Amino acid sequence: MKRKWLISVLAVFLVCSLNASVLAEESGKTKEMLYLTGYEYVFAVDPETKEVTEIPVTGMTRDTTFSKDGSKLYVSTDIRQKITVIDTAKNIVIDELDFTQDNYRSRIYGMTVDPEGKLLYAMTMRSKVEGAELKTLPPAILVMDIDKKEIVKEIEVPYGVNALQFYVDGSKIAVWGRDLYEYDIKKDTLTLHYELFDPEDKSAGNSNYLQLWPRDRETDYLASTVNYVYYPETGETTEGFVTWDLRTGVVEKIEYKEEPIGFFSGIISHDRKTAYGGMNMLAKTDLTTLKHDKVIQTKLGTSYGFNISGDGKTIYAGGGGPDVNFYDAETLEFKGTVDLKTDAMDVRVVQIKQ
Numbered sequence: 001m002k003r004k005w006l007i008s009v010l011a012v013f014l015v016c017s018l019n020a021s022v023l024a025e026e027s028g029k030t031k032e033m034l035y036l037t038g039y040e041y042v043f044a045v046d047p048e049t050k051e052v053t054e055i056p057v058t059g060m061t062r063d064t065t066f067s068k069d070g071s072k073l074y075v076s077t078d079i080r081q082k083i084t085v086i087d088t089a090k091n092i093v094i095d096e097l098d099f100t101q102d103n104y105r106s107r108i109y110g111m112t113v114d115p116e117g118k119l120l121y122a123m124t125m126r127s128k129v130e131g132a133e134l135k136t137l138p139p140a141i142l143v144m145d146i147d148k149k150e151i152v153k154e155i156e157v158p159y160g161v162n163a164l165q166f167y168v169d170g171s172k173i174a175v176w177g178r179d180l181y182e183y184d185i186k187k188d189t190l191t192l193h194y195e196l197f198d199p200e201d202k203s204a205g206n207s208n209y210l211q212l213w214p215r216d217r218e219t220d221y222l223a224s225t226v227n228y229v230y231y232p233e234t235g236e237t238t239e240g241f242v243t244w245d246l247r248t249g250v251v252e253k254i255e256y257k258e259e260p261i262g263f264f265s266g267i268i269s270h271d272r273k274t275a276y277g278g279m280n281m282l283a284k285t286d287l288t289t290l291k292h293d294k295v296i297q298t299k300l301g302t303s304y305g306f307n308i309s310g311d312g313k314t315i316y317a318g319g320g321g322p323d324v325n326f327y328d329a330e331t332l333e334f335k336g337t338v339d340l341k342t343d344a345m346d347v348r349v350v351q352i353k354q
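Read in the numbering used here, the sequence shown has 293 at position 293, and its numbers run on one by one without any break.
Accuracy of the hints is not assured; some may be wrong.
Said to hold, decoys possible - Subject to a maximum C-alpha distance of 27 Å in a straight line, what follows is the list of computed DSSO-like cross-link-like pairs (lysine-lysine): (1) K335 with K313; (2) K68 with K31; (3) K149 with K187.
Treat the hints as calculated values from the structure; they're not laboratory data.
As the structure is a computational prediction, the values presented were derived from the model and not from experiment.
Required output: the full structure, derived from the provided sequences and hints.
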């Protein structure tokens, strides 16, 4: 009798567990996490509980990218020579990829992972040792088979390339340089996609941006960076954004109708109607009028990286100091801070499937 009762209880438990798993999968439940790049650490911050997990790495940290499902974070470490792989569910280091080969040394400036999570594309500046001399090699994207840890392809690119981002369907890579290029995976071709700098056409204005703080998945794959345009004929400089839709390929250059206030980085809202940019100030800008709705001074001084929560209600400011700060996206009211062990460089936002 007891055995029949136990079997019945186990059967009910298994059915409930299976139903719960199915419901979780169907609902696509996710957990939002923040990742900040520091010195000898990557910091995983739970924005809800404010809990910080310190993940030890080698040396300074710079570029970051996530696997498509958010389960892995790739971070350039060790003076841009290696890529550390972090499991975002456990917040531990699970692998390290070295792009320095026997006959040359590589420095990594921008990277992206294919949607299948099999290949990592790293933009590298390389130098080759020849006897007592150090020879500079042309810049190239090195493609590594992640499982085998072998470089399987080299793609030469122009000088100035500094960020790579996969299109959502995996067909192309957005290549950010002095101008914008597309690398077609199937055709194995690199083509000019959008010209940002034309020294011959002085009336068009010359763009200048820093893609040290790449944004893409945070706003449904609208890649963006803050941008400045200088007009040689008038001496005027405008401030704004360059956006690159990683679904359609459309690039837009946005120039504000305001005097520049100084941005290191910024983020576009999910509905693409509002932009946020900051450094020593934080500005909320209406993308319809191209004018600021509100500008405040940042609470704890200079911040490098500005990002947005998944629900669009909170602006995160991290980098430039040993902390990450929270602002209300509507009012720009300061909502609090979380302290870190070292100064940070950037803050990335990811939704991790549960």
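Subject >> Hinted pair K149 and K187, Cα distance within 27 Å >> reply: holds, 24 Å
**OP:** Compare the distance between the alpha carbons of K335 and K313 with 27 Å, and conclude whether the hinted pair is satisfied.
**Re:** Distance ~11 Å between K335 and K313 Cα, so the pair holds.
Original post:
Straight-line Cα separation of K68 and K31 no greater than 27 Å?
Top reply: Given that 27 Å is the threshold and the Cα spacing comes to 15 Å, the pair holds.
When held up to the earlier numbered hints, the structure conflicts with none and fits them all.
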